[in-house]
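With the sequences and hints as input, model every part of the structure.
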Amino acid sequence: MNRRDSLKAIGLGTLSATMLLDACKPGTKKTAEDTNDEKITPDEAGRLPEEIERDKKLIAEKFFTDHEMATITILGDIIIPKDAKSGSASDAKVPEFIEFIVKDMPEHQTPMRGGLRWLDVQCLNRYSKTFADASYQQQIEMVTEIAYPNKVKPGMQQGVSFFNLMRNLTATGFFTTKMGIEDIGYAGNSPGQWTGVPADVLKHYGMEDVV
Amino acid sequence: MNDIQIKKSSQTYDAIIVGSGAGGGMAGYVLAHAGLKVLMLEAGPFFDPAKDSLQLKWPYESPRRGAGTNRAFGDFDGAYGGWELEGEPYTTKDKTEFHWFRARMLGGRTNHWGRISLRMGPDDFKGHHIDGLTDDWPITYDDVKPFYDKVDRMIGVYGTVENLPNEPDGIFLPPPKPRLNELYIKKGAAKAGVKVIAGRGSVLTEALPGNKDRGACFFCGQCGRSCKIYGDFSSSSCLVIPAMKTGNLKVISNAMVREVLTDGSGQATGVSYISKDDMQEYQVKAGMVILGASAGESARLLLNSKSAAHPNGLANSSGVVGKYLHDSTGSSAGGFLPQLMDRKRYNEDGVGSVHIYGPWVYDNKKLDFPRGYHIEFGGGMGMPGYGFGWDMQKMNGVVPGKDGKMKEAGGFGASLKDDYRRFYGTGFGMAGRGMAIAREDNYCEIDPNVVDKYGIPVLRFNYKWSDYEIKQAKHMQDTFQHVMHEMGAIYGPPHGPETNYGLEAPGRIIHEVGTVRMGDDPKKSALNKYCQAHDCKNLFVVDAAPFVQQGDKNATWTILALSMRTAEYILSQRKKLNV
Chain A
1 MNRRDSLKAI
11 GLGTLSATML
21 LDACKPGTKK
31 TAEDTNDEKI
41 TPDEAGRLPE
51 EIERDKKLIA
61 EKFFTDHEMA
71 TITILGDIII
81 PKDAKSGSAS
91 DAKVPEFIEF
101 IVKDMPEHQT
111 PMRGGLRWLD
121 VQCLNRYSKT
131 FADASYQQQI
141 EMVTEIAYPN
151 KVKPGMQQGV
161 SFFNLMRNLT
171 ATGFFTTKMG
181 IEDIGYAGNS
191 PGQWTGVPAD
201 VLKHYGMEDV
211 V
Chain C
1 MNDIQIKKSS
11 QTYDAIIVGS
21 GAGGGMAGYV
31 LAHAGLKVLM
41 LEAGPFFDPA
51 KDSLQLKWPY
61 ESPRRGAGTN
71 RAFGDFDGAY
81 GGWELEGEPY
91 TTKDKTEFHW
101 FRARMLGGRT
111 NHWGRISLRM
121 GPDDFKGHHI
131 DGLTDDWPIT
141 YDDVKPFYDK
151 VDRMIGVYGT
161 VENLPNEPDG
171 IFLPPPKPRL
181 NELYIKKGAA
191 KAGVKVIAGR
201 GSVLTEALPG
211 NKDRGACFFC
221 GQCGRSCKIY
231 GDFSSSSCLV
241 IPAMKTGNLK
251 VISNAMVREV
261 LTDGSGQATG
271 VSYISKDDMQ
281 EYQVKAGMVI
291 LGASAGESAR
301 LLLNSKSAAH
311 PNGLANSSGV
321 VGKYLHDSTG
331 SSAGGFLPQL
341 MDRKRYNEDG
351 VGSVHIYGPW
361 VYDNKKLDFP
371 RGYHIEFGGG
381 MGMPGYGFGW
391 DMQKMNGVVP
401 GKDGKMKEAG
411 GFGASLKDDY
421 RRFYGTGFGM
431 AGRGMAIARE
441 DNYCEIDPNV
451 VDKYGIPVLR
461 FNYKWSDYEI
471 KQAKHMQDTF
481 QHVMHEMGAI
491 YGPPHGPETN
501 YGLEAPGRII
511 HEVGTVRMGD
521 DPKKSALNKY
531 CQAHDCKNLF
541 VVDAAPFVQQ
551 GDKNATWTIL
561 ALSMRTAEYI
571 LSQRKKLNV
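First to last, the sequence lines map onto chains A and C. Each residue of the first sequence is one higher than the one before, starting from 1 at the first, in my numbering. Each residue of the second sequence is one higher than the one before, starting from 1 at the first, in my numbering.
There could be a bad hint or two in this list.
[Stated by the list, open to error] Below, in silico cross-link-like pairs of lysine to aspartate or glutamate (EDC-like), each with a Cα-Cα straight-line distance of 20 Å or less:
1) K151/A x D391/C
2) K191/C x E50/A
3) K344/C x E182/A
4) K153/A x D418/C
5) K51/C x E50/A
6) K178/A x D278/C
[Stated by the list, open to error] For each label pair, taking beta carbons as the anchor points, the in silico distance ranges come out as:
7) V398/C x Y205/A: 15 to 23 Å
8) V121/A x P338/C: 35 to 43 Å
9) H485/C x G114/A: 48 to 56 Å
10) P338/C x K85/A: 18 to 26 Å
11) S466/C x G114/A: 40 to 48 Å
12) K366/C x K151/A: 46 to 54 Å
13) A187/A x I171/C: 29 to 37 Å
14) H204/A x K191/C: 17 to 25 Å
15) V398/C x A187/A: 21 to 29 Å
16) K344/C x T144/A: 42 to 50 Å
17) A187/A x H485/C: 42 to 50 Å
[Said to hold, decoys possible] Take a look, some chain A residues computed to stay more than 12 Å from chain C by CB distance:
18) D55
19) K82
20) P106
21) Y127
22) Q137
23) G155
24) R167
25) T195
Calculated directly from the structure, the hints in this document are not laboratory data. Note that the Cβ used here is the ideal one computed from N, Cα and C, for glycine as well.
Right under this line is the structure:
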């Protein structure tokens, strides 16, 4: 089945299918398959010159030091590790996303930079090593102290704030990649027909009468 | 040598239209199809959704994953612009607050709007008898109904016939069915005594009869990005581009209009504008000038168009231009449905407008605020974007894990990773959009001290909510709590008095109207009931500026109907050689 027929098969009228194919001709529109997660440079169609310029400038800048990036990478993979279903945060290039987003949203810069230093000072006092140089055991011990907001020990609240932000950025960075979207199971962003909640789902939730 | 000069065009058009949004687009469409030679000036670039829409892009095609740093509603949104524009400031007076959203592009804000397409009802046009508040329009629902009908047929709107007293039915395409979360909302709302019906939106859920240029919706839920197959209403795709095909309408983009030009007798002769492409000054001439630049920009243009004949600004002998500015109220809430954790995955993108909404059908006599609001609902397994998974530590400690045991909030590792999967698609939201009473002391005016980068004096806003709007927001919050409780949802406490019950600042709902109001009395209004200036018979305003009093309904469908009505009036008057 060619693409036009497959669009028709899922219920698109001839007109919609033709128009969509025309609008998505090669060269004017990339399909999801053509895009890989590693490419951070966005394509330029439909974007304003000043937006393109700003993104290029941000991408060219460097914010985090190599040591900070190494720490972010370890933390990210502790937060979202590889499992049976998908890869880890660093497999999905989450550290690169975090590097970009703090340049795009400067309000994250001080909480991130300061939080990373707070973490290193904690580890130096406890283990005489930075977080990145500490053993895996020690890293997990440290993270455990700041990962559970409701049972935080006095004096550790700043670490909780930092880890909440790190958890947020890691989750957002991971689940917005191709890998993360496949993991979460988002099934849309493709032409189709919406005919309502599938019958088996309605039945499962006892919602047959509500429609 | 002076390299700035004013270039005067020798051609005289039948009409110049300033602005290409819903109002300007509709006027251009009607006049061009009737054979008039029309020049349309747009302050932003040309935009054709077929080529320029960012529909079907994935979050990872944006380095910020679609966040709103560049564009207010995110990288893929269909609006070039936002509440702040580089080099185009506005100011506020006496520490009041107003946020002015501008989209500079062909089609204006219609490229990204929510497509919620509600008619105003009989009591919205003539509501003074209900509570003695605000002013009546000089026209009734019955005057506008034939134009709403024509707009429905021409552009397309889905919905259901409900026979509600002040929520008039239209000529509807079938509505999209509710998503699973929305069934929970319907069920919860019914228990809470809140009426919920099918949404009403300008999306072609079926092919539009008689239209071969627009495709039917393919249900990606991304109307906010504008539609490549013209499956929803944008002024660019549905009005301006078709009008250009008649050969009678010419668009000049990147043309920022400075003022409306008038002759010694006070008649409009054309406009002057600055081209953003070459930064040169231009003057163009026409038999009439039609403003559809937005409620704020049209008022600004009139106030900046002073002359001996119009010392107070054009069409402003009454002094009302800029006054009675009002935006819809807005307050919202949301939560998640623990019943839906670990739910089955399928594509439920649906349409990009509302699948269900709650019209206002209640009696105000027992309430402490006038008029009412509608509620927009949504939720489900949407496309992840920036912000996805945020604040899991506030969610995963309040419901049992897969093993039935409560877990400690927050965390990390494989168990946390699984929580994101478990919670995906359980979220929902609801937002009230209500009627604010038009008041003379909420206004915009020309700031005497400030110009934009083109040297055009800018608007200064003075806007305050009254107790009416604050009490309405409180009622919204109480209603949301009730509905969410009946849904069996998990949710936070209501917004309280410290935030005016979550009442959004004026301008944030982007429904601003009322600045060049119509009326029968030239001493109290700027326009007659056909949106023709009392002081200048060949000047018309076709955006939301002529609104006397907005209902809780979103403004676009009424802008379209009134603009069509004005354009047809112009055609009938031309036949009588009056303009």
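Is it true that the C-beta distance of A187/A to I171/C lies inside 29 to 37 Å, as the hint says? holds, 33 Å
Is 42 to 50 Å a correct range for the gap between the Cβ atoms of K344/C and T144/A? Given range 42 to 50 Å: violated, Cβ gap about 34 Å.
Against the 20 Å threshold, does the CA-CA distance of K151/A and D391/C hold or violate the hint? Roughly 16 Å separates the two Cα atoms, so the pair holds.
Does K51/C pair with E50/A here, judged by a C-alpha cut-off of 20 Å? holds, 19 Å
Is the gap between the beta carbons of K366/C and K151/A within 46 to 54 Å? holds, 47 Å
Distance rule for R167/A, whose beta carbon must clear each one in chain C by more than 12 Å: violated, 7 Å
12 Å Cβ clearance of D55/A from chain C: Its Cβ does come within 12 Å of chain C, the nearest being 6 Å, so this is violated.
Report holds if the minimum CB distance from T195/A to chain C is greater than 12 Å, and violated otherwise. Not fine: 7 Å to the nearest Cβ puts T195/A too close to chain C.
Classify the label on P106/A as holds or violated, using whether its beta-carbon is more than 12 Å from each beta-carbon of chain C. At roughly 10 Å from the nearest Cβ of chain C, P106/A sits no farther out than 12 Å, so the non-interface label is violated.
Would the least Cβ to Cβ distance between G155/A and chain C come out above 12 Å? G155/A clear of chain C: closest Cβ-Cβ about 18 Å, beyond 12 Å.
Quick check: does the Cβ-Cβ distance between H485/C and G114/A fall within 48 to 56 Å? With a Cβ separation near 40 Å, H485/C and G114/A fall outside 48 to 56 Å, so the hint is violated.
For the pair supplied as a hint, K191/C and E50/A, is the alpha-carbon distance within the 20 Å limit? Given pair K191/C, E50/A is violated - Cα atoms ~51 Å apart, limit 20 Å.
In the structure shown, a violation is registered for the earlier hints numbered 2, 4, 6, 9, 16, 17, 18, 19, 20, 24 and 25, in ascending order.
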